[in-house]
Structure formats: structure tokens, C-alpha cells
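Each chain, letter by letter, is given below.
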Amino acid sequence: MADGKAKSTPLLDIRNLRIEATVYPPGEAPKTITLVHDVSLTLEKGKVLGLIGESGAGKSTIGLSSMGYGRGGVRITGGEVILNGRDILKGGKEGFRKLRGREVCYVAQSAAAAFNPAHRLMDQVVEAALLHGTATRAEAEKRAVALFKKLSLPNPETIGERFPHQVSGGQLQRVMTAMALCSEPDLIVFDEPTTALDVTTQIDVLAAIKDAIRDTHVAALYITHDLAVVAQVSDEIMVLRHGRLVEWGGTRQIIKEPRQEYTNALVSVHEIEHQEQQPGTAPMLSVKNVTAAYGGGHVKVLKNVSVDIFPGQTLAVVGESGSGKSTLARAITGLLPPEQGSVVFDGRTLGNRLADRPKEDLRQLQMIYQMADVAMNPRQTVGTIIGRPLEFYFGMKGRERDKRVAELLDEIEMGKGFIDRYPAELSGGQKQRVCIARSLAAKPKLIICDEVTSALDPLVAHGILKLLLNLQQVEKVAYLFITHDLATVKSIADSIAVMYRGEVVRYGSKSKVLTPPFDAYTDLLLSSVPEMEIGWLEKAIAGRRMESAGN
Amino acid sequence: MSSPIVKLVAQRIALGILLLLAVSVLIFAGTQILPGDVAQAILGQSATPESLANLREQLGLNQPAYIRYFHWLGGVLTGDLGTAMSSGQDIATSIKDRLWNTLFLAFWAAVVAIPLAITLGLIAVRYRNGWVDKLISGVALASTSFPEFFIGYLLVFYFAVQHQWFPAISTVYDGMSIGERLQAIALPAAALTLVVLAHMMRMTRAAILNVMQSAYVETAELKGLSAFAVIRKHAFPNAIAPIINVVMLNLAYLVVGVVVVEVIFVYPGMGQYLVDHVTKRDVPVVQAVGLIFAAVYISLNIIADIAAIVANPRLRHPK
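Top to bottom, those sequences are chains Z and W.
Going letter by letter, the first sequence gives residues 1 to 551 in the working numbering.
Going letter by letter, the second sequence gives residues 1001 to 1319 in the working numbering.
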């Protein structure tokens, strides 16, 4: 435990913080729930404290409390938030407004959404400094340009002229960091600043943020669910769960000698035992020289792609956003008819367009999506959702159908009690399980999994991956696993295709693809995956051979 | 301006012209399928078949419909709207003054209604779900729910009869000063304002509330901006497109929907003119007025579309 009391007064001292919200469950009376249970923390000037935990752990809520801000109906109902020697909770609305954007600044998860699309970047970057009168416009703009340079943004002199949509996601995230630093605050709250970025971009942004923190001596609360990321930038780490403190200590202690079981689970989350299977003789599904484009042939997104999937095995397709991974899935399923090439399934060529395929072909290929909650009809019960393919493909009805639904629920390790629940009553992981059961109900030979674990917390994602592997053993189903997360790939793949700008740049069995020598892109991808190692970031940056695409 | 905008705007204008042509066909066809014709209307019940045939010959009514349509369209395009059958006057000349009067009334109603509606919308968002919001919404909805003739007579009763501040009848004539004209139209303009206010106000409120959920609104709040500055500077510019749309629809209503109000206040505008000639079954006048109303509607909607395109920074500043 870091002992702040012995040293000089800390910059931020949160004591017994209690945060509550009123929820309105459907069909029930409104009730008050407690999001944060008496959490205390201290932060010295110029230090970085990482807040880590799953969604619902209260990380963002605690971070925002340092600005007196509660999202939605969230209320701070107890405790003290002492910033620069005064309890800001006593300052009222005016007091909050004076400290926001001046003493404490905020960097949001998705800079793309957090910048106003209607205004130029420079106007937004200097807005807070001008509002609080800490600088004249000329001074603030000069400071902003200097920060753009420090954060190694391209064209620092003119990038402020641009509108948010004219700048890439990774760059926007750095502009947002510049925006926070522009008011020269004492504290910055970073709320998952790299989570929405590709790994190769994340590493650049992370390095830029780390340098900026070091050079400006600003203190920071760094919120993330990725322990490997927070280990790179933090001096101390606080692990939270369900709004309660689990463990708080120096970065080295947390990742090397975790004292709590939960922390240990977070540290070792990526380890799944999976024996690689050798490719069989006859592929079940072959993608042959497929070229596909959007916008009537204008934007080529797949260029001459060929891959094979063998029965009961997993092909992982990895790459950054925009590399054509999901488009490959759309071409295979017939949602986007290829311009050239063909998809061969079980020895026969599938119709290019979805409408040309018989029901039997549709049944054999099923999909699971990243966002499980929008992939289900919110007004149907779990039973109806899973039962639908049973009726549609097999004509099952009544008791026979219900029996099969119950079996499927059993397979995804959810009990019968879930049959009458609605999607809104399920957690994120449970929703994804229901989606898996729905695809299994069709008894397909291939399931296309499109980023199925990306929206989930690491521990939940871990459970889903294990489930998928078990189901593969039982049902002998093959997976086409689309992901940007290499750790996932290592855990479950039998073969791997690395995609870059619509082309397959490396393809083969897992052991072959992951064994050096690497091509430049695969090397960049592999070296960008954060490792739970202090100093990894500096080593990775130094060892790179290729600029990432986000730059 | 960059090329995608020019292209989009040109597309909208071309579409508008096409639409207007289609409407002209509809107006023409509509007046054709009505029972009876002008000849019958002029000669009345006692007309002999011979005299009817003669008059039809004289007016060109026995030519095929499509020839009459192109004849009419050609005239319209050269500024000749034809001759009113009931009075024998040139339609274009009689319409000119009345159109000007209608636009004058619509303009002043709009000058009051639009800023008022948007400001009230902004205030309603600022104090959303509080009593100020409910009061604004309630009053605006009530004023819209009353039929316009009721509001009109209420205004007349209170401001013209009881207090005699404004005239009950809005006569305007050549040689009136602008001040006199404004005083004459004060009551009909107020009635129109009350009718269109709520729609625009509610839409402004809904459009802004929609963007208030955005992450960039939170960013603005976390910079320490005051609640009203957040709405005005960060929410409003992103809600402008739907607001312009509803404003333009209401502007169009101010021009073409004033029939009832004009009749109540005996205001010499297009609405009065239309009503008079519908009762006289004067087809050329009805066609001409119908076409002008359609043109107003379509052009205002084109302007709304163009304004929404121009307001979008993604189109204004392509990558």
C-alpha cells in the first residue's frame, strides 16, 4: 500500500467515496444502487495512478468524481474529494465549473466521438484555456502547436485547422491529449484512451501520452481494463471490482506479486491451453482468389484473397481495422458478392449472392457478431431467439423445440432459468453465449466469429473462448475467427491469416505464422501487443521496423 | 466551395424542377376531372347546348387535354398565367400585388416566430424536465391546438374590440407607409406566429436533446462550460439540419397555409384570392395559384436541403 500521509499533502485525496445511482428496472419500482463503496485513494503531484477493473467496477465513475461529474443520474453521496487542499464537493456547481478544464482535464475513450464534429480542432483544443482565462488566444494556440509537436502529430502547425473527421482515430486521441494538456492542469483523467484503437496505433498513442506526462509533470488517473497497458504508464495500480477496492500497490508488485486472487486472475488471463491441429487433406471451405469491393467497384477491400478452412478447425484472421477482415466474412456469407473468385464449400461452389443460396447452405454457415446486444431482438426472450433457427431450418415445434433449446442452454453453461429472460436482463458475456447457442442451433459446419470477444471484459472473454473451444470438441464445428487481438489468436487458432490492406500477407499453420523470420507487418503486429512487463513499451518502440498505418 | 457540395446542390435543384413539373401535371389533371367546366359555370344552369359549344370553342376547351396543358405550361413559363374567366382580368397582374401582400405577412410572421421558437427551444433544453420546460411546451402546444380562426377571433376580440390597439380588419392599399402596414398586419401575423411556434420549438428541443447524449457534449461540460454555452455552442450546431427542415416547412405553411387567417382578417393576399375563385370555379386562377403555392413549397424545401448539406462539415470539408 502506498503511504501518502507521510509525504507532503497529496494533489488528490479521495476519502471514503460513495457513489449511488437510481435505476429504473422495467416493471419494478425505481431503486437506488451503490456503484462505489467507500473507496479512498491519494495521488501525488506528477504521479500516475492506474485504475483497473472490469466494466461496472466503478473506474470511470471514480475518475470523473475528481471533476465532480456524474454520468446520467449518478450522484456522489458520501466521502470527500480533496483536490489542491480543498473538498471540491463543497464548492457547488460554480466550483465544479471553475475546476473542470482548468485544474482537472479529461481524455475520453473515443476521441472520434468526443470531439465536436462541427468545430475545427484548434477551436476545441484552446476552448478551455480561453474560457478560464489562463491564456490569450495567441498564447493558447502557440501552446497547442507545441503540444501537437510533442505528441508527434503530423503537420503540427496546420492540423488545428482540420475538422475531426479529417483526422485518423489515433491522431485524434493524441489531439485530445493535447487538448487536456493545453490548459496546463494539475491532473488529467485518462479514461481508456487507447482501448478503441488498433494495437499498432495504441502503442504510438501510449508512448506519446507517457512522454507528455513525464515532460509536463502533470498527475494522471489512468483508467483501463488492460493490465498490460496500465503497467506501461503507471507508478501505482489500483484494482477495483464491483465498486470496491481489491488491491492497491506499486506497478511492479501488482503485476509480479499480486496479493489478491482476483488480481492474479487478471494478470494471467490470456493463458489458454490449446493444442494446434494439423490441417487435414480436404478443406471444408475454400476461398479462392476472392476480390471484393464496395461502392460499385470503386473501393477495393479484398484483393485476391485465398484461404482454406478444415473441418473442425479454427482459422484466425487478424489485422487492423480496415484490413478487410470483416469484408472477408461478408464475401463468404454472400452478403457482399465477390467481384472475382469463388467460395467452395464441401466440394461445390456456393452462389455468390445470398439470394442464390439454398436454405441448406445458409444453415451450414452461421455468424456470431461483436455486439451481442444489437444482434438480438430486444423484444424476444432467449427461448424465442434460440428456438428460431430450430423452427426455420428443422421445422421443430412445441415440446421438441423447447427440449432442444434447453439442451443448447446447457451446452453454453447457462441454466433453464434463462429461457424466459429478455436480452436486457443478461450480462454482456451471457448475451454472447446466447448468440453462440443460436448459431449452434442450426447445426452448422462453420461458424464465423467476428470480433466476438472484443467488446467483453478480459475475464469474460476468456470464458467465452474456453466455451468456444469446448464446443468445437463436442460439435466438431469449424471457426473462422476474425480478431485484432493476437493474444486471442494464440489461444485458439489452428491456422492464421494475417491481413493488411485487403491482402493476405502471411498465411499458414499457427506455429509457422508465429515463428520468425517475420515479414515487416506481422512483426509490427506481434511487437505491438502489450506485454505485462515494465519497460516493454520503450523496448517495443525501439525495436520497430515499420511505421503503423494509423500514423 | 468544394465539388461534392456543388454536385449535391445541383442535384437537389434539378430534382426540385422535375418535381415542380410533375406537380403542374397533377394540378392540371386535377382541375380537368372536376365535374363541369368554365363554360358551364359562366353560362349557368339555363345554357343551351349550342351556346355552351360556342363558348367552349371560343375558350379552346374542346382541344385535347395534353395540348391545353402544354399551352398553359408555355404561358406560365413566359409569365403569362392566362386570363381569369370570371372577371376577364389578367391573372399575373392581379396575383402580383396579392403575392407581395402574402409574402409581406409571411415574412413578418417568420421574423418573429423563428427566433422566438428556437430561443424557446434552447431554453426548454437548458431547463429540461423542469417547470420552465413544461410551461414553454404547454403554452406552445396549447396555442397550436387551437384552430387558427379561434386564435384569430380571440386576438380580434381582445386587441381590436376591447383595447382597440390594432385594426380588426387588415386592409392594405398602395401608398401606406411601412409602419401603417405593420400595424395593419399585426394581428394576423400574431395569429400565424402562434400557430407555427410550437412545431418549431418542439423540433428544436427534440433535435438538441438528441445530440445532448453525445460524447462531445460531455467533453464540453468537462471543460467547465456553462450549461447554456454547452447547448448553444456544442449541441445546437449539430442539431441544425433537422431544425432547418422544420423551419422551412413552417415557412412554407406561412405562405400557403394562410387562407383561413387571410379570410378572417380580410387581408388581400393569395389565400383570399384563391378562395374567391374556387367558389367561382375559375379554373385558370386556381391552377395559377396552385402552381405558385407548389413552387413556394418546393423551393423552400430545396433551400432546407441545401442548408442541411452546407451545414454538414463532412461535406463542406471533405477529407
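Among the hints, erroneous ones may be present.
[Claimed, not checked] A few chain W residues that don't get close to chain Z, going by computed Cβ distances all over 12 Å:
{"hint": "1", "residue": "F1028"}
{"hint": "2", "residue": "G1082"}
{"hint": "3", "residue": "G1138"}
{"hint": "4", "residue": "V1217"}
{"hint": "5", "residue": "E1221"}
{"hint": "6", "residue": "L1222"}
{"hint": "7", "residue": "L1225"}
{"hint": "8", "residue": "I1240"}
{"hint": "9", "residue": "M1248"}
[As the list claims (entries may be wrong)] A few chain Z residues facing chain W, derived, Cβ under 8 Å:
{"hint": "10", "residue": "A108"}
{"hint": "11", "residue": "P117"}
{"hint": "12", "residue": "K303"}
Don't read these hints as lab results, they were simulated from the structure.
Using N, Cα and C, we set each Cβ at its ideal position, and we do this for glycine too.
Each hint tested on the structure:
Even its closest Cβ contact with chain Z, about 39 Å, leaves W:F1028 beyond 12 Å, as expected for a residue assigned away from the interface. For W:G1082, the non-interface assignment is confirmed: its Cβ lies about 47 Å from the closest Cβ of chain Z, beyond the 12 Å cut-off. Consistency note on W:G1138: stated as away from chain Z, and its beta-carbon is indeed over 12 Å from all of that chain's, at 25 Å minimum. Its closest Cβ contact with chain Z, about 8 Å, brings W:V1217 to no more than 12 Å, contrary to its assignment away from the interface.
Distance to chain Z contradicts W:E1221 as a non-interface residue, since its nearest Cβ pair spans about 7 Å, not more than 12 Å. Taking the minimum C-beta to C-beta distance to chain Z, about 4 Å, the non-interface status of W:L1222 is violated against the 12 Å cut. The claim that W:L1225 is not at the interface with chain Z is violated, since a C-beta of that chain comes within 12 Å of its own (minimum 6 Å). With a least beta-carbon separation of about 8 Å from chain Z, W:I1240 fails to lie farther than 12 Å from that chain, contradicting its non-interface assignment.
Non-interface status of W:M1248 relative to chain Z is upheld: no Cβ of that chain comes within 12 Å, the nearest being about 20 Å off. The interface hint given for Z:A108 holds, since its Cβ lies 6 Å from the closest Cβ of chain W, which is under the 8 Å cut-off. For the restraint placing Z:P117 at the interface with chain W, the shortest Cβ-Cβ distance is roughly 6 Å, inside the 8 Å limit, so the hint holds. About 22 Å separates the beta-carbon of Z:K303 from the nearest beta-carbon of chain W, more than 8 Å, and the hint is not met.
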